[in-house]
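Novice: Since the structure of chain A is already known, use the hints to place chain B on it.
Those protein sequence lines, which keep their order, are chains A and B.
In case it helps, our numbering puts the first sequence at residues 1 to 177.
In case it helps, our numbering puts the second sequence at residues 178 to 359.
Hint data in this document are derived by calculation from the structure and do not stem from the laboratory.
Watch out, some of these pointers could steer you wrong.
[Stated by the list, open to error] Which stretches of chain B does chain A cover? Using the computed rule of at least three CB atoms under 8 Å from a CB of chain A, they are:
| # | segment |
| --- | --- |
| 1 | 207-220 |
| 2 | 228-242 |
| 3 | 287-293 |
| 4 | 322-329 |
[Unchecked claim] Restraint-style ranges between C-beta atoms, simulated for each label pair:
| # | chain 1 | residue 1 | chain 2 | residue 2 | range |
| --- | --- | --- | --- | --- | --- |
| 5 | B | Thr316 | A | Gly97 | 17 to 25 Å |
| 6 | A | Ser154 | B | Arg213 | 15 to 23 Å |
| 7 | B | Pro225 | A | Asn74 | 32 to 40 Å |
[Stated by the list, open to error] Part of the chain B face toward chain A, derived, beta carbon under 10 Å:
| # | residue |
| --- | --- |
| 8 | Ser223 |
| 9 | Ser224 |
| 10 | Asn259 |
All values derive from a computational prediction rather than experimental measurement.
Beta carbons are placed, not taken as given, at the ideal position from N, Cα and C, and that holds for glycine.
What follows is the residue order along each chain.
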Amino acid sequence: MGLAALFLSGCASVLPLSGDYSRLNSRFSDTEPALSGNGRYLAMVTNRGGRQDLALYDIEQKRFLEIPRLNRRNALVESPSLSRSARYIAYVVSERGRPEIALYDRITQRRQMLTTGFRGPVRNPSISPDGRYVAFESGRHGQWDIEVFDRGASIQLDQVVGAPSDGADQEATPNAQ
Amino acid sequence: MLSKGFVVMASRQLLVFPLSMLLLTSCVGPAGRLVRYPNNDRGGLSSPHDDRDAHHGGRYIVLVSDRRGRQEVELFDTRSRNLISLPGLNRADTAVSHPSVSADGQFIAYAGVRDGRSDIYLYRRSRRESRNITQRLKTAVRHPSVSERGDRVAFEVSVNGQWEIAIYDGNGRPLNIPTNPR
Chain A
1 MGLAALFLSG CASVLPLSGD YSRLNSRFSD TEPALSGNGR YLAMVTNRGG
51 RQDLALYDIE QKRFLEIPRL NRRNALVESP SLSRSARYIA YVVSERGRPE
101 IALYDRITQR RQMLTTGFRG PVRNPSISPD GRYVAFESGR HGQWDIEVFD
151 RGASIQLDQV VGAPSDGADQ EATPNAQ
Chain B
178 MLSKGFVVMA SRQLLVFPLS MLLLTSCVGP AGRLVRYPNN DRGGLSSPHD
228 DRDAHHGGRY IVLVSDRRGR QEVELFDTRS RNLISLPGLN RADTAVSHPS
278 VSADGQFIAY AGVRDGRSDI YLYRRSRRES RNITQRLKTA VRHPSVSERG
328 DRVAFEVSVN GQWEIAIYDG NGRPLNIPTN PR
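Next comes chain A alone, as it looks inside the complex:
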């Protein structure tokens, strides 16, 4: 019973999407735009629901897409960044007073914390188009530095099948570094 309660508190309550999501912009502030590598999707921070939420817009279909369980009742989210086809969303989430960098996978609809245990403040993540690397600002040396987090060779890369090869070529050999 206590165990179940523990799990429940860790699993944040799912938020119903409130606010007017019929158009790209709203009567409320819409900020921090981030394009996916392929230019089709746009992540942003919006206040249209009466709280600060992350939202994902499909520029081709001119509509918002659902990102289940990313926005949570007890969490403040900001600074989104998208991989090539918007499979991965890197962002900052503050839940227990400390901003952490999180990674949301739109296929599994799960999020993973990347900076748990990291010393010093972190902010402004930027994910590589293939989804393997996340650059972010770290304040652990008393000033802002850029650090790059490598999720490893075993992750599923965000590769668009049949995508034009220019640019994607650059991503084909990330291990070459």
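Specialist: Just chain B now, with coordinates in the frame of chain A:
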């Protein structure tokens, strides 16, 4: 049955715990590791000065750095692990922020303030020049984001006292999207 399973899980956790703590001191944790890029004033990704606003374009990482005594855009190549020069980008009369780089490192979108006016610029490395893509917008703009091909730029624009999102093509034309500021 459930509680027995939990005990097994818990004991496994206890074994793993000190090991993971050990890992945490050297890197971030089991989700991955930090890449060791050079940290210096000459060609490092970071420097002993302030480095911020990084955008990971795949091969290239673009950022804003104070290492030359003023806030300038720097381009880091993760293959050669060195900085790439950006002739014509950083100017004494322009305060730059929020750069964003295309996959081939040719295009860099950034916000620039010149003569008290904020604009979004698209720099093309082969031409060694920046184009102002928001010349026709009369209001404040900031925070651009460029696509991998450098053919689409999203940014914030101030409309009636609040920030909205605008999406333009690489030539500075607004995409045909309802409520796209133009």
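Novice: For each hint, tell me whether it holds in the structure or not.
Specialist: How the hints compare with the structure:
no.: 1; hint: 207-220; verdict: holds (count 7)
no.: 2; hint: 228-242; verdict: holds (count 11)
no.: 3; hint: 287-293; verdict: violated (count 0)
no.: 4; hint: 322-329; verdict: holds (count 7)
no.: 5; hint: Thr316(B) - Gly97(A): 17 to 25 Å; verdict: violated, 36 Å
no.: 6; hint: Ser154(A) - Arg213(B): 15 to 23 Å; verdict: holds, 20 Å
no.: 7; hint: Pro225(B) - Asn74(A): 32 to 40 Å; verdict: holds, 38 Å
no.: 8; hint: Ser223; verdict: holds, 4 Å
no.: 9; hint: Ser224; verdict: holds, 8 Å
no.: 10; hint: Asn259; verdict: violated, 12 Å
Hint check: violations occur at hints 3, 5, 10; the rest are consistent with the structure.
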